[in-house]
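Assemble the whole structure, with the sequences as input and the hints as a guide.
What follows is the residue order along each chain.
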Amino acid sequence: MKVHKIIFLAIILFFTGNSSVNALNKVKNTKAKQVLTVMEKVADWQLASWKQNGTTWPKWDWTNAAGYIGLEKLGLISKNPAYLETLLQFSKDLDWNTGPNRFYADDYTVGYTFTKMYQKHKDPKMIAKFRLLADSIVAQPHTESLEWKNDINHREWAWCDALFMGPPALSLLGKATGEMKYMDITDKLWWKTYDYLYDKEEYLYFRDGSNFTKSEKNGKKVFWSRGNGWVMAGLALTIDNMPKNYPTRAKYFTLFKEMAAKIASIQQPDGSWHTSLLNPAAFAVIETSGTGFYTYALLWGINNGTLDKNTYGPVVEKSWATLVSAIQPDGMLGYVQPIGWQPAPATAKSTAIFGVGAFLLAGSEMHKYVSK
Amino acid sequence: MKVHKIIFLAIILFFTGNSSVNALNKVKNTKAKQVLTVMEKVADWQLASWKQNGTTWPKWDWTNAAGYIGLEKLGLISKNPAYLETLLQFSKDLDWNTGPNRFYADDYTVGYTFTKMYQKHKDPKMIAKFRLLADSIVAQPHTESLEWKNDINHREWAWCDALFMGPPALSLLGKATGEMKYMDITDKLWWKTYDYLYDKEEYLYFRDGSNFTKSEKNGKKVFWSRGNGWVMAGLALTIDNMPKNYPTRAKYFTLFKEMAAKIASIQQPDGSWHTSLLNPAAFAVIETSGTGFYTYALLWGINNGTLDKNTYGPVVEKSWATLVSAIQPDGMLGYVQPIGWQPAPATAKSTAIFGVGAFLLAGSEMHKYVSK
Amino acid sequence: MKVHKIIFLAIILFFTGNSSVNALNKVKNTKAKQVLTVMEKVADWQLASWKQNGTTWPKWDWTNAAGYIGLEKLGLISKNPAYLETLLQFSKDLDWNTGPNRFYADDYTVGYTFTKMYQKHKDPKMIAKFRLLADSIVAQPHTESLEWKNDINHREWAWCDALFMGPPALSLLGKATGEMKYMDITDKLWWKTYDYLYDKEEYLYFRDGSNFTKSEKNGKKVFWSRGNGWVMAGLALTIDNMPKNYPTRAKYFTLFKEMAAKIASIQQPDGSWHTSLLNPAAFAVIETSGTGFYTYALLWGINNGTLDKNTYGPVVEKSWATLVSAIQPDGMLGYVQPIGWQPAPATAKSTAIFGVGAFLLAGSEMHKYVSK
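Chains as they are written, first to last, in this note's numbering: chain E, 41 to 412; chain R, 41 to 412; chain Z, 41 to 412.
It should be emphasised that the hints constitute simulated quantities derived from the structure, not laboratory data. Treat the hints with care, since some could be wrong.
Which copy? The list can't say, so a pair holds if one copy fits it or any two copies do.
[As the list claims (entries may be wrong)] Each computed DSSO-like pair below joins lysine-lysine, with the alpha-carbon atoms no more than 30 Å apart:
{"hint": "1", "residue 1": "K221", "residue 2": "K261"}
{"hint": "2", "residue 1": "K412", "residue 2": "K228"}
{"hint": "3", "residue 1": "K389", "residue 2": "K162"}
{"hint": "4", "residue 1": "K66", "residue 2": "K261"}
{"hint": "5", "residue 1": "K165", "residue 2": "K389"}
{"hint": "6", "residue 1": "K91", "residue 2": "K119"}
{"hint": "7", "residue 1": "K254", "residue 2": "K221"}
{"hint": "8", "residue 1": "K260", "residue 2": "K81"}
{"hint": "9", "residue 1": "K91", "residue 2": "K215"}
Here is the structure:
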């Protein structure tokens, strides 16, 4: 029987061609399948964990909402319907409501997923509440300073994580509804935060204004890996939602290339970025959430021609290998720095859904990269 | 058959009298019915929207709680039981709990509705939790400055909206239970806020202490329409709950008349008040939430003899017409400035339950006004 | 029949011995039963109130979580399974989630009860989420000043109540899992708060940094009774979870004895501690939450040999009698100062679950005390 099978396969291979092009395609398919398999493994662990223990944080919370963004990307390339079904079910559980703090970007990140569901299922109810909220945001003058006090983060994008939490969701709503005002408010607020938090010497974002005067033990400024990962991933997601002829579009690419060059230059020998970007020795261990976001953003830049493949390809191939090495045997993604707002350690056992989201974002672009 | 009907009606009309008094009564009845009809139209849109989409904000939230106050007034004059039934059902859904931030007036506005339900149904369970909270409030020394920092709004009435959110609920609890301490704490805190936020030159309230030094582009101070609307409506509702012989009662009327004169003097030619009271050109469009509250408060003053009908009658007749003109064909009240804390624009499509509440409050007094 | 019973009892007594030792044992048993009976009376009122009205505050909230700690102690000595069953049911209702503000000690006090349930039922799911949170806490650098601004209480133990809310829960998790890192973070943060809030002249804790410069009308510093009660009870609970050979263990006992001596010296003639410790005349009425915590802590110290029974025995016997006198005929514990953060009055009718918790803690140690 075994011999029969081999003969059968040989015949199939003979008839399907044996040119070098086909051989290359097979290699690509195999690589793409490997990427998809590892993405599904990580995502399946997450879904199983949710099934067994419920979500660790509320379903509307940024922690989960950041994860949903990666899960949706996986849902588009996987044959398993569970990923998109879970997102639809969670959205229904929330009755399409964002979180309680209306103007706090962390609480409306989930609007991204509602809008993706709306694009797929076309039911206006899915974005009705998020639109009302977005209208409220549009209606605010946004004239406050971003100084880190008086709960400014509950009203403005005054910390760098916000650039992942807010812009992709608002700009996607603009794309889905054709209402330019949502893209315009995204644009206005994006550059307000840029003016305040972007360090034009280091090409990195401060986490928030309380860090302007802090320094690491080695004398360097404090730049947080996941924080800048939020920015770069948020940047890529936002550009994807932006009209091709949007007036300030070029500025986003300039910023993206500036940060990409800097980030690539400070990758660690272990393939990851440590939680303190300019003092990697502070916590000398790999970390997967920041690394996942950088891997996603750099691959996105290569895949769309913004970044040079020869220069950046080796960076992301190395960082992807590091990410895959952090997956525990049962599929749990380890080495995610726990919730925080500054450099701090990660361990093999520390996981979190937003780290899974970063990994799946990276995987979604690696899947394209190896298929090219 | 048609001829029979006309003859029948003629006979009825003949026997029910044809004096000028009766004719006037008929006009009054017609006008009152028109007011009621338009109130029901707006409220029915809101109930239908809730049925279809759920509430946009949590049921305990000030947004809805401000709306409930208007719905309850409508419930008292409409034959449709749905308004009061909805309030009872929502209260049950909340298990008679106020919102999560205990001393934040926004989160206990809903106590007003619980107390109204208690007055109707006499079940002590309905106010048991609100009483406990009110006892906690009474027990606080309230000695902090109202300076706009350190989340003071979570502990004191440090912004002018609070004068709608807190005093009507606490004073109504006092009326319903006969416990004078709830009126006394209302009184103490009302005048603390007055001392801090009331501008004795302009006869208007600053929204909060962060506005003392701000100015509009035309050089005027920043006074927000809905903010002062909250105050005047809160003032009327509070006086309604106050014992006739309450020691400081006259002070409330003095304040009311002072503000009423100022507000009437700055009505816009379009019949509304724009969101920046002293710089109406900043957002040169009608706005229905502030206008609703002013229309309510001024009508309340006319109806109870505090304000002169000849002086204030034309103001409210004009503003009422403007409010009615903002109702969209399907019953949605438009031109409500979205959630905010300062002057900002409104559009035909911007609605919100608290704007509906303001409209229904205005309608409830207009209904009396035209019946007189 | 009655005569038969007496004869029967006499025979029993005869055979069970009539030595003075036995007589003493009978007195002890009677006293212990009296303590248990009064504890159950108070707890049963609370359970009945929950059954009838639901919990006044969310189930995850510190108010309830502080109460659960006392209920668990009662559950260990009572034959009525309802106390521990209620805690298990509430924990299930919460799906073993702590409250929404992750690093706010008030919101993870309930982790104590989850861990107690885990120790009993051995299901890792019960502490899975609390462990994740605790890992996040461990991962934070905790380098901020405890100055009372910028919501520091949402990130650090910057107010004295936190020493009850956080340390017992985290250290118990350490004990239950054998992971020393949870005890170590407890230890590190305990002494950070000590350095900031402990007054080394008065041997008392300031409530928070905003009180450093305040004074009572009699010129004394402001020290809040319940606030220092939280500290002393938190101290006792934390030491109970600490390994016997823990390096800094002796420091905790030194602090405990220092505070115990001070507290005993300022007990009021009525057996209680008034809400302003150094200006008892400010609110000259008994208060049961602070008094409950002091009674618990002092009895704990006597029972484990830290405090001298001759010196402290009369203090706690008097304060226990005062606590019992505050129980209303229906079992409601009165004279609990409502939720607050500074000295304020209490009344016969003011109750709260955290006051019940303090009483049950006191009772649990009084039960041991009278059994010795």
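Right, here's what the structure says about each hint:
| no. | hint | in the structure |
| --- | --- | --- |
| 1 | K221 - K261 | between (36 Å within a copy, 29 Å between copies) |
| 2 | K412 - K228 | neither (36 Å within a copy, 53 Å between copies) |
| 3 | K389 - K162 | between (40 Å within a copy, 21 Å between copies) |
| 4 | K66 - K261 | neither (47 Å within a copy, 72 Å between copies) |
| 5 | K165 - K389 | between (40 Å within a copy, 16 Å between copies) |
| 6 | K91 - K119 | within (20 Å within a copy, 36 Å between copies) |
| 7 | K254 - K221 | between (37 Å within a copy, 27 Å between copies) |
| 8 | K260 - K81 | neither (38 Å within a copy, 62 Å between copies) |
| 9 | K91 - K215 | between (33 Å within a copy, 28 Å between copies) |
Checked against the numbered hints given earlier, the structure breaks hints 2, 4, 8 and satisfies all the rest.
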